[in-house]
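Using this note's numbering, you'd call the opening residue of the sequence shown number 2 and step up by one each time.
The hints are simulated quantities; they were obtained by calculation from the structure and are not laboratory data. Using N, Cα and C, we set each Cβ at its ideal position, and we do this for glycine too. Treat the hints with care, as some may be off.
Under the rule of at most 30 Å between Cα atoms (straight-line distance), these lysine-lysine pairs were calculated in the BS3-like manner [what the hints assert, rightly or not]:
#, residue 1, residue 2
1, K28, K48
2, K81, K48
3, K81, K56
Cβ-Cβ distance ranges computed for the label pairs, FRET-style [said to hold, decoys possible]:
#, residue 1, residue 2, range
4, L24, A83, 27 to 37 Å
5, E25, A82, 31 to 41 Å
6, E117, N78, 41 to 51 Å
7, Y35, V94, 20 to 30 Å
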Amino acid sequence: MSEATERPAADSDAWATACAEDLEEEKLRRRATYGPAPASAAEELRKLVDAVADKVSSLQNPLLGMAAQGAVQQFINQAKAAVEPVIERNPGVFDHLAAAGNELLAAYRSAVEGQETRWTRGPAPSSRATDAAHDTEKSDDPTDPRDEGPGPGGHIDLD
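Could you build all of it, start to finish, from the sequences and the hints given here?
Shown next as structure tokens:
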């Protein structure tokens, strides 16, 4: 090989090292700008379990005997022992569950907002004249929308 094609002996992982350094610098910059990154859903679950365990163990109920308080503490320890391995093995699952929960909440919110607008909007202006003309006719059909009772703000006589 000629000297022009030979490469100098360099760190074989120089590119990976440079990328890792750049990534760390970017993380530090973002942390300084936006504050600490939010914890993962698995960490939040772990914090929740710890908080609930601390709260339950701090409750000193004189009605419960020492045996009952010992049983509660044992139950807390067993629950923590059961939850910890699940969190350790599947931390990504909790992130997916949190994302799915957010999607369900967004879908529910959208459905409720749409329904609220229909409820608060009232009948369409063009249909009021049509409804007034048909109010004199009475239908025996139980699915007739005119037999649904008074609309919003209408009086319901309970006597």
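Results for each hint:
no.: 1; hint: K28 <-> K48; verdict: 24 Å, holds
no.: 2; hint: K81 <-> K48; verdict: 11 Å, holds
no.: 3; hint: K81 <-> K56; verdict: 14 Å, holds
no.: 4; hint: L24 <-> A83: 27 to 37 Å; verdict: 36 Å, holds
no.: 5; hint: E25 <-> A82: 31 to 41 Å; verdict: 35 Å, holds
no.: 6; hint: E117 <-> N78: 41 to 51 Å; verdict: 46 Å, holds
no.: 7; hint: Y35 <-> V94: 20 to 30 Å; verdict: 26 Å, holds
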